[in-house]
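Peer 1: In case you want the letters, here they are:
Number of protein chains: 2
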Amino acid sequence: MKTEINPDIRAALDAIADRPVSHVFLVACGGSLSIMHAGKYFIDRHSDVLTSDIYNGDEFVARDPRKLGPDTLVILCSQTGTTKETVRAAAHARARGAATIGMTLDADSPLAKAVDHVVAYQASYTTGIPIDAADSNYGVLYMILAGLIRNREVTTKLLSSLGNLQPAIDKAHVQYASRFAQFAERFRDKPVIYTVASGANYGAAYSFAICVFMEMLWINSQAIHADEFFHGPFEVVDSEASFVCMIGLDETRRLEERARDFLYRFGDKNQVLVVDARELDLAGIDEAFRGYLVPLIFFDALWKFAYRLAEQRGKIMLEDRRYMKKISDY
Amino acid sequence: MKTEINPDIRAALDAIADRPVSHVFLVACGGSLSIMHAGKYFIDRHSDVLTSDIYNGDEFVARDPRKLGPDTLVILCSQTGTTKETVRAAAHARARGAATIGMTLDADSPLAKAVDHVVAYQASYTTGIPIDAADSNYGVLYMILAGLIRNREVTTKLLSSLGNLQPAIDKAHVQYASRFAQFAERFRDKPVIYTVASGANYGAAYSFAICVFMEMLWINSQAIHADEFFHGPFEVVDSEASFVCMIGLDETRRLEERARDFLYRFGDKNQVLVVDARELDLAGIDEAFRGYLVPLIFFDALWKFAYRLAEQRGKIMLEDRRYMKKISDY
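In order, the protein sequences belong to chains U and G. Per our numbering, the first sequence starts with residue 44, numbered consecutively. Per our numbering, the second sequence starts with residue 44, numbered consecutively.
Hints are computed from structural coordinates only; laboratory data are not their basis. There could be a bad hint or two in this list.
It does not matter which identical chain is meant; a pair holds if it fits inside one copy or across any two.
Claimed, not checked - Lysine to any residue pairs mimicking SDA-like chemistry, simulated, CA-CA at most 25 Å apart: (1) Lys368 to Arg308; (2) Lys45 to Ile59; (3) Lys200 to Glu300; (4) Lys369 to Arg308; (5) Lys200 to Arg351; (6) Lys45 to Ala326; (7) Lys233 to Ser282; (8) Lys368 to Ser167; (9) Lys233 to Ala284; (10) Lys233 to Gly310; (11) Lys127 to Arg297; (12) Lys45 to Asp319; (13) Lys233 to Met44.
Given these sequences and hints, build the entire structure.
Peer 2: Shown next as structure tokens:
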């Protein structure tokens, strides 16, 4: 059970404690960018001082916001630490005088070398070794942000909640197994599967759409924001349309419920895979933190769904790629 | 030719001149939300004082950012002024003490009544009457933001550029006519068409994906950020995959070029509709403002493409809907 913020995070926060940080840039690419949506949601809900922006690494460098400077903190994330755009973004941020924290699995990676402060996290997907979700990308990002916000009560509740996260994930895997097997069959031949979410969950929906459906399964997709759904996207709904709906526990829950209700009514219920956090056993996770931790539980649980779907679609190897890391000169 | 900011915008800016506005929330839904991406790009490039966030109307209300308060300005937009989520967002912002500016076509609409200051703009799509693009949603938003930034040189260049925007749009329509006819044939039977852009253009790509392809043509889509493309989405590319690529003139141009180059190399060139602002006659538009005005030119030009595509696909009436404004109780 965690009682203190991880030592490398503590060291990074102590090192920048004297900086008048008023703005945080959350910068990464793809799956690592997706977690930043939950981070920004946390900042928005907890701070009336800090403002924040989420940018893809290359967008950040090219856009070069005028706000970027010594009173800003740039938090970057790259699993391998080799994502070129994110490494360039770190160098750019330092050149502008900003403080930089780099989250990565590899303390010797180019990203680790490009930032002021390296923060380690754990991931089971790449290594195959079971981890404690408290030290996942989400967990570590929340620890950094709770430390920045300097609210001891928030930090204490976060740490006790993180300590109970892995059991909640393990139980979610068991709970969803049969539903996922069923929907993997239903989605076997579907050319397009959308994800829908809002608030803290949006990033998990984004990652599942672009990294899992598009990248790993070569299925067309889009992560549709649950209310934006009603301002255009919902017109594609018919009895053939397939969706994964995330229904979380943050303040935007009613948006997600509304999208689900519409899909149940005008689509085919058998083509709408709903994961609702109210079904989960979240024992030990503080009420105030459930909304923030649910997207990680959803994403981790749905990872198994990706495997079931790959089997059904005759693409057993989720690791197969056409371009990523196969072709290097683009 | 404009030499002054529109009087209603001037009045709104004067009224909030004494407020210590440090943060701007850009709030709307769907197509009206899409223009906010260009607005934020403009703020990011021109101000080291103002920070900003873009939120869907209901996300904004539910999220209820702690930053929202008397030192913030909330700019809202709804064409008809009847979008419920945006009207609720205006009421929420006022209840939190923020200043509110509402952009709408209808000065008697619910949005107009819910905000402190109403700013009118023009749209040809709904009315069918030709307009001057200087007074379009993009034009009006930039005038508000330039006024907020209080840089006289920027405002002067913006106004002279806006005065030359409509001729540039008219020429773009002529220039793209044959290309659009050709691609409408090529895209006739396509179940999925993606849009790709970055920077100031991202909103135009978003709007074309969700409001035109999905809402009006019932074609599956996603607006893919030009660099995020390489972190997942590009794995769906094969010789059948269809894309609309926007290549603009802002600082992120190289990101858009890179996505186009990849698609030309690994996809089928006949399935990649590129609009490149370097092809356009932008006479009279200041170099410094071209990047910001190009998305409006692209979106307006591509509107004609939507009609060509509707004809090819046997859906002549772009106005047909299954749900929007047909069903009211969702």
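Peer 1: Each hint needs a verdict: does it hold in this structure or not?
Peer 2: Structure-based check of all given hints:
Only between protomers do Lys368 and Arg308 lie at most 25 Å apart by alpha-carbon distance; the minimum there is 16 Å, versus 42 Å within a single protomer. For the identical chains of this complex, Lys45 and Ile59 are intra-copy neighbours only, at 23 Å inside a copy versus 48 Å across copies, given an alpha-carbon limit of 25 Å. For the identical chains of this complex, Lys200 and Glu300 are neighbours neither inside a copy (27 Å) nor across copies (46 Å), given an alpha-carbon limit of 25 Å. Taking the shortest Cα distances, Lys369 and Arg308 sit within 25 Å of each other only across copies (15 Å), while inside one copy they are farther apart (43 Å).
Neither within a single protomer nor between protomers do Lys200 and Arg351 lie at most 25 Å apart by alpha-carbon distance, with minima of 35 Å and 57 Å respectively. In this assembly of identical chains, Lys45 and Ala326 lie within 25 Å of each other by CA distance solely inside one copy; the values are 16 Å within and 63 Å between copies. Taking the closest pair of Cα atoms, Lys233 and Ser282 come within 25 Å of each other both inside a single copy (12 Å) and across two copies (19 Å). For the homomeric pair Lys368 and Ser167, the shortest alpha-carbon distance inside one copy (20 Å) is at most 25 Å, but the shortest distance between copies (46 Å) is not.
Taking the closest pair of Cα atoms, Lys233 and Ala284 come within 25 Å of each other both inside a single copy (8 Å) and across two copies (16 Å). Taking the closest pair of Cα atoms, Lys233 and Gly310 come within 25 Å of each other both inside a single copy (14 Å) and across two copies (21 Å). Proximity of Lys127 and Arg297 under a CA criterion of 25 Å is satisfied inter-copy only: 15 Å between copies versus 38 Å inside one chain copy. Taking the shortest Cα distances, Lys45 and Asp319 never come within 25 Å of each other, neither inside one copy (27 Å) nor across copies (53 Å).
Within a single copy, Lys233 and Met44 get their C-alpha atoms no closer than 43 Å, and across copies no closer than 53 Å, so neither meets the 25 Å cut-off.
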